[in-house]
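In order, the protein sequences belong to chains A and B. Quick note: the first sequence, position 6, residue 6 per the numbering used here, numbers continuous. For any residue, its number in the numbering used here is found by taking its place in the second sequence, counting from 1, and adding 1000.
Watch out, some of these pointers could steer you wrong.
No farther apart than 27 Å at their CA atoms in a straight line, the calculated lysine-lysine pairs in the DSSO-like style are these [stated by the list, open to error]:
hint: 1; chain 1: B; residue 1: K1257; chain 2: B; residue 2: K1234
hint: 2; chain 1: B; residue 1: K1057; chain 2: A; residue 2: K218
hint: 3; chain 1: A; residue 1: K145; chain 2: B; residue 2: K1309
hint: 4; chain 1: A; residue 1: K210; chain 2: B; residue 2: K1348
hint: 5; chain 1: B; residue 1: K1348; chain 2: A; residue 2: K145
hint: 6; chain 1: B; residue 1: K1309; chain 2: B; residue 2: K1256
hint: 7; chain 1: B; residue 1: K1469; chain 2: A; residue 2: K243
hint: 8; chain 1: B; residue 1: K1469; chain 2: A; residue 2: K145
hint: 9; chain 1: B; residue 1: K1397; chain 2: A; residue 2: K159
hint: 10; chain 1: B; residue 1: K1041; chain 2: B; residue 2: K1057
hint: 11; chain 1: A; residue 1: K159; chain 2: B; residue 2: K1348
What the hints contain is simulated information worked out from the structure, not anything from laboratory work. If you're wondering where the values come from, they're calculated on a predicted model, not measured in any experiment.
Now for the letters of each chain:
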Amino acid sequence: MTMKMGFYPGCSLKGSSREFNESLCAVMDKLGVELEEVPDWNCCGATAAHNLNHALSLSLPARILALAEGAGMQEIAVPCSACYSRLVMTRHELQENEALKAEIADIIEMDLALNAVPINVIQALDRALEGASLESLVVAPLAYKVACYYGCLMVRPPKVLRFDQPEDPMTMDRMMERVGAEPIDWAFKVECCGAGFSVSRTDLVAKLCKPIVTDAVKRGAEALIVACPMCQSNLDMRRCAIKGMSEAEAHIPVLYITQAIGLALGIDRKDLGLQRHLVKVALPRRAVVGA
Amino acid sequence: MARIGVFVCHCGENISATVDCAKVAETMSGVPGVVHSVDYKYMCSDPGQTMIRDAIKEKNLTGVVVAACSPRMHEPTFRRACADAGLNPYLCEMANVREHCSWVHEKSEATTEKATDLVRVMVEKVRRNEPLFPIKVPVTKTALVLGGGVAGIQAALDIANAGHTVIMVEREPSIGGHMAQLSETFPTLDCSQCILTPRMVEVAQHPNITLHTYSELESVEGFIGNFNVKIRKKARHIDETLCTGCGLCALKCPQKKIPSEFDAGVGTRTAIYVPFPQAVPNKPVIDTDNCLYFQKGKCRVCEKVCPTKAIRYDQEDTIIEADVGAIVAATGFEVKGCDFFPEYGFGKYPDVITGLQFERLASASGPTLGEIRRPSDGTIAETVVFISCAGSRDPAKGIEYCSKICCMYLAKHAMLYKHKVHHGKAYVFYMDIRAGGKMYEEFVRRAIEEDHVSYIRGRVSRIYEEDGKLVVKGADTLLGGRPIDVRADLVVLGTAVVAGEGAEELAQKLHISYDPYFFFAEAHPKLRPVETNTAGIFLAGACQAPRDIPETVSQASGAAAKVVGLFSQSELSREPVIAVVHRTAPPLFSKCVGCFLCESACPYRAIEREEIKDRQGRVLKVVAKVNPGLCQGCGTCVALCRVKAIDLQGFTNEQVFAELVAL
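Sequences are here, hints too, so could you generate the full structure?
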């Protein structure tokens, strides 16, 4: 039986992070979930809108929420952390302020009940796995040491998101354990990657990404696992801008959590978009004890 | 026929500025039963009171209504004036035309009308008032002190030295509390044990003090002056009369790796143990959870080595019953860990410790004999970071209050560390330095200026381990938020001071209120700081709020003074505003049908069951009875009673209905 789930890809999943979309769809397909895109969706506003115009920063996500409601979606999977943050924060702000909600509904000229709930990629996977055992679906255990990197927006602000421990989140680590990987205990799982400064201040992003990569490698990680297109592109794409890296530091791949799970589920590398990464994903085949 | 006098006060301009007092008095003079109605500038003044006294005598008044301020202010004044003139004081009532009227309304006809209505209402009540008489209760002149820390010790000694008997109950095997664990004390750096142990010994030796250690309060019944308490004396598994405290049992006990509570987990103890060398009493207890004999059925080494044959494996808890007149709660606090927010790595890294653990490291009687060694590898710490407000003053962490003692003890720790490791580096991360107290600010300045402790104003965001060091990531907010990483050997957290374990349960046993953090609530934050809302129960020390030693001792002496004041009376007077159960002649005896809904509703456990018997002693009926010593007059039982068999003296249903009808 196919389960349907609302889906808001946002711009990254259609462009620079196409492999996140590909791997998510492949994994969801394997789990028997059909992702249904919010019809006629628009930009979430990301970092630009809320720096410039408050009403605009609320209206853009509000329109997405209203469209999802109109399509009868109760939950919307929002894989990109920035989109997720904008949708959740908008919903929260409008729930808290009736007058503002009316004003925004007026701007977008749509009914706004706020009953469609945005969920992040981990929650979406959890939902898809309800009643099923992920462990039993694994065909090729991911027998590597991995460093789960959460970045900033997936767990913050804790008051609104109420998802995991903001300073030491563990949900990705636990999911990785379930597909046979060994998540390491490390110090930089919620440090800033530099996010949107990737374009304007590449030097700063390189400076911020360096300790993340260095600490992960130092503590034995063979791959970084992420759930945000911005984190992925900064850690993957800006590796060449980081000065003074060792061989191991230069070559540690950065996988989306959906790609990591996809590998464990035996999905073809191409279907997971692994060939699109700048740092080559060359994880050596490894026999698993007891597998 | 009622003969009521009405006295309308102007309260200077407080009332007369918006209310036409003369008109109120004039209107009231027309009310049936009012035989005297006047207004005056200050009713509470001596001439004002004389007006009331004279009127009572001349007009033979049967009731008095004073229209003035809140009864919280001057009700006792006017009731005394009435009593002087021979009128039962409970026939005098106040109409609050100041707080309830003149202060909250503009000057207008309506304001005067409202004032008139308030007076009219009280006239209707007074018309139905009955003379009441204060309730007298006897006093048992023995105090129960709960807790044997410095607060309990001070309170017990003060009460005992005033000539009264004291029963002290301590949960742990020894008295001494947290103060016995401390190395030195701020701001004088005198040794904590050196100043406390003489007091501990005094308690043990005092002829007026009975000490029950390793004991807990089981239950409390009764009321001020007349409590009956049950104390559970937990089995020590030792015959205390035979034990000489030689310590051979602990020396030979094979279970040696149990984390010591006294050493806050940085040291170890045996399964049969005395918590520390100066313990009072110096008698061991067996920790049955860790004893090989209790867990696996074999060993009995202590029994074999005991020269006086004092080991009793089959000993059981005993319950001791006692009558006491007052209770002092001095149950103290606990130091919370930091494991509820993971970014400081407490519980994960052994070298991230609490302030209390540092006290044990710095103490000459501690596991390292006073050397500042890392718990992980035993090396001397060369760089130590102290972090204040580790959990406190942070709504996101759920503890919004200031733990109060951390600023000072962290300054002390840093100073002690520098005195022990001269070349070592000490950093203190802080939000504010709260050093309000005699010689406190000077003490902190000394740490900074003479002992060169680096104070950094900023919060620590994260601590992680790297190459055997703890990397402390913080910011210096005085230098424009510059990020700072300190590579430390040891991190000491000024964690939150929280209510002691079981505080909520104890408060419920004692029927005293507590705040959202389970600290016990005082009756008034400024004017009644050592009393609780339950008469006869007093507070001392950190069970009420985080406190340092000087404050704790002052408060304990304050609580003791309250107890001694209570014991100076041979009997107590209580307000007669209490509930009474209807009684009448046989065969009905009472309207009460014995459903006892009131019993479960009463917050003060004042409802008792009374058996009505005939001459042969056969029970004819069981009805409710209100214990006048316990009843606080809240009226909950009155509202609940299905047959209206209970009424509140001074506020009967009839009186309240009459007030409403008068409007």
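Each hint tested on the structure:
1. Of the supplied pair hints, the one linking B/K1257 and B/K1234 holds, its CA atoms being roughly 23 Å apart against a limit of 27 Å.
2. The suggested pairing of B/K1057 with A/K218 is violated, with an alpha-carbon distance near 97 Å, which exceeds 27 Å.
3. Using a Cα cut-off of 27 Å, the hinted pair A/K145 and B/K1309 is violated, with the two alpha carbons roughly 59 Å apart.
4. For the given pair, A/K210 sits about 25 Å from B/K1348 by alpha-carbon distance, which is consistent with the 27 Å threshold.
5. Annotation: proposed proximity of B/K1348 to A/K145 holds, straight-line Cα distance about 20 Å (limit 27 Å).
6. The suggested pairing of B/K1309 with B/K1256 holds, with an alpha-carbon distance near 22 Å, which does not exceed 27 Å.
7. With a C-alpha separation of about 25 Å, the suggested pair B/K1469 and A/K243 falls inside the 27 Å cut-off, and the hint holds.
8. Only pairs whose Cα atoms come within 27 Å are accepted, and B/K1469 paired with A/K145 is accepted, the gap being roughly 23 Å.
9. As the CA atoms of B/K1397 and A/K159 are separated by approximately 11 Å, the hinted pair is consistent with the 27 Å bound.
10. The suggested pairing of B/K1041 with B/K1057 holds, with an alpha-carbon distance near 22 Å, which does not exceed 27 Å.
11. Between the alpha carbons of A/K159 and B/K1348 the distance comes to roughly 25 Å, so the proposed pair stays at or under 27 Å and holds.
Figure legend: structure checked against the earlier numbered hints; hints not met, in rising order: 2, 3.
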